[in-house]
Amino acid sequence: MNPNPALNHPLSRRDLFRRAGHGAGLLALAGLLDDQRLLLPRALAGPTTDPLAARPPQIRTRAKSVIWLFMNGGPSQVDTWDYKPELTRRHGQELPGFDKKTGFFTDSVGPLMKSPFAWAQHGQSGTWVSDLFPNLSRHVDKMAFLHSCHTESNNHSPALFMINTGSTRMGFPCVGSWMTYGLGSESRDLPSFVVMSDPLDRGLPKGQASNWGAGFLPSVYQGTWLRPKGDPIDNLHRPAGMNAEAQRAQLDLLRSLNQQHLAQAGSEGELGARIESFELAYRMQSAAPDAFDVEHEPDHLKRLYGLDQPHCKHFASQCLMARRMVERGVRFVQIYSGGMDNQRSWDGHEDIVGNHRGFARETDQPIAGLLADLEQRGLLEDTLVIWGGEFGRLPVSQKGGNPGRDHNPHAFTYWLAGGGARGGVHHGATDAFGHKAEVDKVSVNDLHATILHLMGLDHERLTFFNNGRNFRLTDVAGDVVRSVIA
Amino acid sequence: MTAPQHPQRFFGHFAVFLGLLVGAQRLTGAEPPVPLPADHAERFTRGLGQFQKEIRPLLITHCLKCHGGEKTQGEFSLATREDLLRGGADGPAIRLFDGPGSRLVKLVAHAEKPHMPSKGDPLPEASVRALSEWIHNGAPYDAPLIAGAAKDSKSVGPAESRAPKPFTGWPYQRLASIQPPAGVSGDAHPVDAFIEARLTEKGLALNLESNRRTLLRRASFDLLGLPPTPEALDAFEKDASPGAWERAIDSLLAQPQHGERWARHWLDVARFAESSGFEHDYDRPGAHHYRDFVIKALNADMPYDQFVQWQLAGDEFAPENPLALMATGFLGAGVFPTQITANEVERTRYDAMDDMLATTTSAMLGLTVGCARCHDHKFDPIPTRDYYRLLSTFTTTVRSQRQLDLDPELTQIKKTAFDTEHARYLGERNRYEQTVLPGRFDAWLQAGAGWKTRADWEQLHSQEWKSKAGASFRAMADGSFLAEGKNADSDTYTVSGQTSSSGLRALRLEALPDPSLPHNGPGRADNGNLGLSRIRVFAQPLSGGERQEVRLVRPRATFEQNNGNLSIAGSLDNDPHTGWAVDPKFGTRQAAIFDFETPLQNAGGLRLTIELEFQVNSRHHIGRPRVSVTSLASASFDSEGIPAEIAGLLGRLKAPGGGPKTLSTSERTTLMHWWKTSDDGWRQVHQKAEAHEKDRPKPTLTQVLMCGEGFPALRMHTQGGDFLPETHFLQRGSADQKRGVATQSFLQVLMKSPDSEAQWRWQPPTGAPYSGRRRSLALWMTDTTDGAGHLLARVIVNRLWQHHFGQGLVATPNDFGIQGAKPSHPELLDWLAGELIRGGWRLKPIHRLLMTSQTYRQTSAVSEVKVQRDPNNSLLSRHVPTRLEAEAIRDTLLWITGALDTTPFGPGTLDESSRRRSIYFTVKRSQLIPAMQVFDAPEPLVSQSTRPATTVAPQALWLMNNPKVREWATGWAHRTTHNASQESSEWVTSAYQRALQRSPSPVELQTSVGFLKQQTERYRKAGTGRPELQAATDLLQTLISLNEVIYVD
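Chains as they are written, first to last, in the numbering used here: chain A, 1 to 486; chain B, 10001 to 11049.
Derived by calculation from the structure, the hints in this document are not laboratory data.
Check each hint, because a few of them may be wrong.
Below 25 Å or equal to it, Euclidean Cα-Cα: the simulated DSS-like pairs (lysine-lysine) are [as the list claims (entries may be wrong)]: (1) LYS101/A / LYS10738/B; (2) LYS399/A / LYS441/A; (3) LYS10414/B / LYS10466/B; (4) LYS10071/B / LYS10113/B; (5) LYS10071/B / LYS10106/B; (6) LYS441/A / LYS10053/B; (7) LYS10694/B / LYS10676/B; (8) LYS302/A / LYS313/A; (9) LYS100/A / LYS436/A; (10) LYS229/A / LYS10964/B; (11) LYS101/A / LYS114/A; (12) LYS10698/B / LYS229/A; (13) LYS441/A / LYS114/A; (14) LYS100/A / LYS10113/B; (15) LYS10414/B / LYS10071/B.
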């Protein structure tokens, strides 16, 4: 099959309506496919538009894939990447004018609490990093930090929807879906957008599959969630008792019978495409398990990621799978660190020390290993690595036996590495306590605009017509943060 | 790459779609129509930013002084946007959305004369570019350049948002009065007459009629979502008499599978699901009844106007009809957060109402009213004011879970029969009480032996019950008190009463069941539970003296929900979240005993006050409490208490100088009725009546999720209320910027005259739990004379057309607005809408009307001429084969393989091994069924009118490897291959008949038989257990995977 048949073979407007559905939304797809020249009569149309065919970026870029390391639950900026000596000095004092409704628990607001971790400067850039990340701190010169991120909800689920879809409401397409819609897939035999969640029975992020849903985009653009246990994807194994030879013979029969029907029905783009889809499926049966199989990686690489360490083996394995996938052309990989909420994720309401130590230990070496591995393979330039959660945490303590920190929608840190991000820069700043973003504030729309830009997509031109208007990932806002782009 | 552009559409006055951004400014006079860019919203936002940052200072510095400030030279001012757009003596100053083409830009760049500013240099290049970009973005102002310059602009607020001109644009027009064209032949089918008139203009004609197999398959898949049975096909192919096709259609329309097929189309539009979404995606038990309502309504051919009315206000139209209540599930099917923080409560509620409104208007009127939430609709004549007035319809509308008797008539019949029979038993007991009992009671009284009876438990005298939250109490004969009325989230009961006993050691609190309570109690919570967070007892001598708290120890109960936070011990601590609860012991008597730390000494009487606090959970109050005290050390939970009155009478009998003579007649009667329970004869007749009472028919109650008013809302983890008392106009959709209270009205553009909403206002009967607002909305919506009924009819006939012909006459069935597609055959659409209304809104006749046309019956043959002159088939010059939807694909596979279970209705399942039709899968938002999703079933989040039909590898993997698919094929093989004597060619032929409703061609037969033989050999060599069965299964699995199965011609 032609890797991008849409560009060579016109198809009918009705085809478009039917195939990608959602009424005039197709027109936007048509726009991406270079518009009207494609809209030729059905009978003259060649092979179908593959909705996942790779499409050229709108903006010149090297980045091809994204790996989003999602620190679920909301890691504390003031305990990770946003160094606040003033917080240490004012430890134990009240934060004047603090609105008790800022966090989730209005009745357990404590005073300012210094970071319980030790801080030091690292790299050429002299980046301050807490001792939560002994391995990652060696890579700070690859990272572009956005210290002034802020969001619109103090509640997990709306904040997760916001950071993933640009809206606090449920039902909008997520970043990965938009990206796959805009760029298609480079992989012929793997899903284009893959999501991995916590494999230690700590649950899915709140809001669950809606965090990787396609919303009103055609459902082919939704994320494929890899089951953490058992077969990661459905229907990859042949029926019991059937060997490869028997299945090959069966598919040959199917092909032959379909071809006879095709000859009678005339040249039908969709029918031809469907015949091809069985061949593709046949190949996926071996290609997909191969991409997920980290066991055959060399030992030194396994050690680099931390696969030999019980405390981080699970995340190491997911990071290594992510590398194998982007290597094979998967467009977008999102890995969630932590499960649902509270102590099952980075949601350190109580015992910020124990909570963050635990999750940092699970992720520090695997992510550092991933960055090193991508770099040595020359893949880092092609791969945008994103680190962050759905919001930050408050500089004041949440009272309890072992104090924690409550949700903070006003400030959190993201970092980007590879994929055209400028290493070692720090964009924006929070106030003296890390409570609110203050300088060069970065909204979630801005963050999304920047991520899309790095991937070669113009957030103002990536649109889909739905229920009466053109929708964008960034709604009606968003500015690309230029300073973090190399 | 260019932004997608619609064919340019024009919209007269509405071209100035500034709405809130620039105040209530309107163009006056005859302005040239301006094409509207699709990305208007973004452009305006950008433009507004530019205006604030650069353009305003630029215009003030360089232009304003002479043009609108001190002077207005050339009759040109740019003080307001209105002035700017009006232009000057020399004509227009700008062309909206066209910076470089605007005269103003050319003048300030000194590219044209007169050069501006009139003295000095041209503006810097950057400024010219900024000005040009700003015009490109629609030249928005946030305020006039001079305060007060805008002549008619009032304070900016949705209440003042623009009033539209009525009936602008085709969808708002009343139905045209139309007759079908004369037609190509004299007696043409009316649908064909419309279609052929357009085809003839293009020199085209309909194709020939399809053959009978194709026709019946087409009709069967369209109407049932399943293939025709071989028998039905055979009969139809042989029926040469006139009317065979009409009869075939009628027979299909009469089948119960029709509702199951078409309900699925409507459920997409209704964004139907059975869970909440968001954090926890809680199930909504009873939500499936809405799905069943849709199926039943379609099968019964319920008039469409009624179908709409019930979904919006079934509880207000037919409060006693369970089906009407189920219909309201439409409003409640949207997503709703399960966890809501204090500062999200308002926004969440507005979002929830927006979901109801947006779905209602998209589904029923094909209008995207939701766009007017933040600003006047940019394209359609729907101002923000209309949005909020319409939104207020749902102010008090909430989801409720109700226990309904689904067959109240039957229950009534059974009840009447029972009562007649039961009267016999009661009569017998009455007779005994009147004729026998008095004598026996006298004997007991005279004997005197029983007077010594003493009660373990004593009830307090002169009890007074009070509720802090406002509940009222009714004294019951057994000394208990029934809580009624106000059922607040939390409450505290206080009871005080007197006792003359001394040495009191313990208090017993009983929670009695009662039929008036949910699930018969014993609590007032929705499920019948209670939650006693705190109990305190105070004692005060009647003679005066200090009131002192009595310390309670050794709490124990007949049952505790757990031994932690919901135990009886939790009722003694300070924590309001812990306390006694009794789930699942609903409908039974429960009791708790608390010992007093030290027995209460009593000289001259005590007043005891008992405080019961209920804060463990919402409305978890005891429904029918009874308190009593004892001076015994070991009184049990169950021993009888003696009512205070009886204890008093017995006391009199025993007292010196007492005896039976001291009793008045009424006191004797009272005492007799207390005593009778120990009389054997009375017990016998009583037990007979009681035994019969056990058979009293109880209605079978079914949990139904409805959405209406007046019943407790389905609560989530929320730090606020379930709804807000009023709906406000919101500035830019923000709940922080309220602009007055919105009262209900409808879309002015679809009302005969603006502000005539009173015409549809329906007043509910006094005492009804609902406001009547939803019924008013429904009455307006279905009013074909003055309301929106004409649009309602157009939208539904278009949906019928869409599913029969692959594409609607309006290709965007959820958007009939200016941004949607225009109708390809407007006269036909109006005529069909008229037919629907004239036919009493019944849909089945419209199906029949469409399907009996030659347009429906023609073949899919394509010719060069047709491709050239009707490339998109918008003229309907041929039939277009369509791929079945996810549900129909799976159902068809089940049907072909003989695995289909046709059981209708009831709770669904998430289990993919189910063999019922796919519409009976539970729709849980976080666990959508993979086999449905892979074939493009949409996520149930917003109304969806059109499904895509993608072709991707995971679909093929499902057919090749899915264990269920394989199992169905294996079952089919099992059933059909047991007859070893059957020739393989015969077997293959019958398999083709089943899968494709036709015999194999000679080549297909040969290929298939050859495959069977070789594949059997392969399995034999591989040592597989049953090579023939495996090979046969492989062939059958191949047949159900064929393109021909899921692409219906």
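Straight-line alpha-carbon gap LYS101/A to LYS10738/B, limit 25 Å: 21 Å, holds
Please verify whether LYS101/A and LYS114/A have alpha carbons no more than 25 Å apart. Distance of about 21 Å is within 25 Å: holds.
Given the proposed pairing of LYS100/A with LYS10113/B, does the C-alpha separation stay at or below 25 Å? 62 Å, violated
LYS441/A and LYS10053/B: Cα distance at most 25 Å? Within the cut-off at roughly 18 Å; holds.
Is LYS441/A within 25 Å of LYS114/A, Cα to Cα? Holds. LYS441/A to LYS114/A sits at ~23 Å (cutoff 25 Å).
Holds or violated: LYS10071/B and LYS10113/B, Cα atoms, limit 25 Å. 20 Å, holds
Are the Cα atoms of LYS10414/B and LYS10071/B separated by 25 Å or less? 90 Å, violated
Mind checking the alpha carbons of LYS10694/B and LYS10676/B for me, to see if they're no more than 25 Å apart? 21 Å, holds
Straight-line Cα separation of LYS302/A and LYS313/A no greater than 25 Å? The given pair, whose Cα atoms are some 9 Å apart, holds under the 25 Å limit.
Hinted pair, alpha-carbon criterion (25 Å max): LYS10698/B, LYS229/A. Please report holds or violated. Status violated; Cα separation ~48 Å.
Regarding the pair LYS10414/B and LYS10466/B, is the alpha-carbon distance no greater than 25 Å? Distance of about 40 Å is beyond 25 Å: violated.
Straight-line Cα separation of LYS100/A and LYS436/A no greater than 25 Å? 14 Å, holds
This entry does not satisfy hints 2, 3, 12, 14 and 15, going by the numbered hints stated previously.
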